[in-house]
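Colleague: Just so you know, the sequences run in chain order A and B. So for the first sequence, numbering that gives the first Met the number 0 puts the first residue at 0; every next one is plus one. So for the second sequence, numbering that gives the first Met the number 0 puts the first residue at 0; every next one is plus one.
Treat the hints as calculated values from the structure; they're not laboratory data. Misleading hints may appear alongside valid ones.
[To be verified] Non-contacting residues of chain A with respect to chain B, defined by C-beta distances greater than 10 Å in every case (computed):
hint, residue
1, I48
2, G138
3, D248
4, R290
5, A298
6, S369
[Claimed, not checked] Which residues of chain B face chain A? A few of them, derived with a C-beta cut under 7 Å, are:
hint, residue
7, E25
8, A100
9, P131
10, T132
11, W135
12, R138
Glycine residues also receive a C-beta, built at the ideal position from the N, C-alpha and C atoms.
Chain residues, written in single-letter form:
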Amino acid sequence: MSETAIGRGWGGQDVRRELHSELLEINMGPQHPATHGVLRLLVRTDGEIVHGVTAHIGYLHRCAEKIAEGCDWRQWMVYTDRFDYLAPINMNFGYAVAVERMLGVRVPERAEHIRVICAELQRIASHLIAIGTFGLDMGAWTPLLYCFREREEILNILERLTGGRMLYNYFDIGGLRFDAYDGFERDVLAFVNIMEQKIPEYDTLLSYNKIFIERTADVGVIDLATCLAYGCTGPVLRGAGVPFDCRKDDPYSIYDRFEFDIPYGEGEQGTVGDCWDRYMVRMREMYESCRIIRQAVDALPGGPVKAEDLKKLVKVPQGSLYTRTESSKGEIGYHVFADGGSKPFRTKVRSPSFSNLHVIEKVGPGMMLSDLVATVGSLDIVLGEIDR
Amino acid sequence: MEATAIHALLQSRFGDAVSDYVDGFEKGSLVAAGRVAEIAAFLRDDPALGFESLMCLTGLDWDGYDASGKGKSVDILGYDELGRPQASDRVGDGDLGVAYALYSHRHGHKHTLFVRVTRAAPEVASTAAVWPTAAWHEREAWDLVGIRFTGHPDLKRILLDEGWEGHPLRKDYVMPGAWQGVPLDGRDYAACKWDESGVTLPDDVKRPEGPQQPEGTQQPESGNQG
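Use the sequences and the hints to build the structure in full.
Modeller: What follows is the structure in structure tokens.
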């Protein structure tokens, strides 16, 4: 602060100037490739060191919760697609389960199995994006292209199944909109066979790459206490060393029938809860999803895909219920308040990325600016569900 | 622990601040708005309760709610067929509320806290010091429902612009007719003009009939209408 430097002025004279440093405010976003969407992080830096992070969100806000109050229960399903546009089936699933629990409706077996298959396919697709773009943030271009190759297969299957490539609107209250096409099981199994061979390929390409490990291990450590306090869920919480997953710990649909493990961070390359752990949880979850899909395809029964005793205009009995399911990003919760009528009185969406992003304001200060990019990438946020 | 036992424990500890037991799809307790923060700290720190996780914080408006359960709650105000904001003479009344969905990882039990505050003084004690995740959820409840959280570290809008008027999730919220001078009411935007003198809005644009226009200046019929 008090040092002086002597330089040469325009006229050749000596110029004395005090050297000082000050906090510099940098905008990361709203248009920035490392923010994964329209997010603005206001970063206060001293050189390369981050002193404070403030997240400004809301750029994609459409107030879908207000729209819900004007829709009937079935109609709003299409808006849930738009929350997490990288995993719309998981968003559909959460809303369908929430309303069905309040209605007390039994979903037909075939529909439940197809739901699980779709949700797990979608989870793989979403994790592929997470892994690919995280590699991209770390300067690894190639894995992204490999990830998109496999994601394309999933999108093809879902397109054949639902007609949409990105937003499906396939789930309905009480089942599915229509049955799967002939040969759906064959396509899914063919994909799973390929996918299981590809995962070791990603590991060689990225997971155990020396440069990648140097950039992610011991970086952006989020410990368990911080995760719980800030409501972090999904791979962020599991990366911190807790095998908590709504599919096992708060079971919904038919997940209790399948055998699968919950991967969690063990600090293999550094500290528990670092970026590498969160990344690796996603990688291993893809393998577990393949296991679930195999079991669900094996057990796929015939029969209807819609609950038959359900009217077209459903009326949810009065009351409120918070229902959570596991999306690819974490716990997607719907707090539904019903007045007994044909429209939702109030539906609050608790999106996983909302809480997962909040933690950046806590863990950001003190890290290097480049590590902030790594940490945001490892959180795998989608702004559509943060802003709703 | 059973929800009834949790409610009884809260009642013995906080007396009048904990009133009704809520027995619906989810079980919970109705508590006093001013003492939520103390109750929250107790819920988190008591070893038998151990609610270290706030799953969800919901702000809501009970205005026009049909308590009989027939689904006759008041309709929200939207836009009419022409895209104009609907207005109503009805004055909003009824309470605002907050719901806290809690979960304990240690014990695996859930409980929901409900709070009701009057529309005239919608003030709830902030729980951001107990569960830091509440800080953003409370900002959202302030932004969209207009509930003030006393003791919040930085209570400001989160999803909407700082200059936004009103709180959209209130049942008597009137949809905006314009935003920053740009009308939102379904006028013919293809008829807008924009030159160095500024924007001429569709209402002021006089659209000449086709045949009366001088040659060569006729607009193509197919435009992006609306």
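Colleague: Decide, hint by hint, whether the structure agrees.
Modeller: Okay, the hints, checked on the actual structure:
{"no.": "1", "hint": "I48", "in the structure": "holds, 23 Å"}
{"no.": "2", "hint": "G138", "in the structure": "holds, 31 Å"}
{"no.": "3", "hint": "D248", "in the structure": "violated, 7 Å"}
{"no.": "4", "hint": "R290", "in the structure": "holds, 25 Å"}
{"no.": "5", "hint": "A298", "in the structure": "holds, 28 Å"}
{"no.": "6", "hint": "S369", "in the structure": "holds, 26 Å"}
{"no.": "7", "hint": "E25", "in the structure": "holds, 5 Å"}
{"no.": "8", "hint": "A100", "in the structure": "holds, 4 Å"}
{"no.": "9", "hint": "P131", "in the structure": "holds, 5 Å"}
{"no.": "10", "hint": "T132", "in the structure": "holds, 3 Å"}
{"no.": "11", "hint": "W135", "in the structure": "holds, 5 Å"}
{"no.": "12", "hint": "R138", "in the structure": "violated, 10 Å"}
Comparing the model with each earlier hint shows violations of hints 3 and 12; every other hint is respected.
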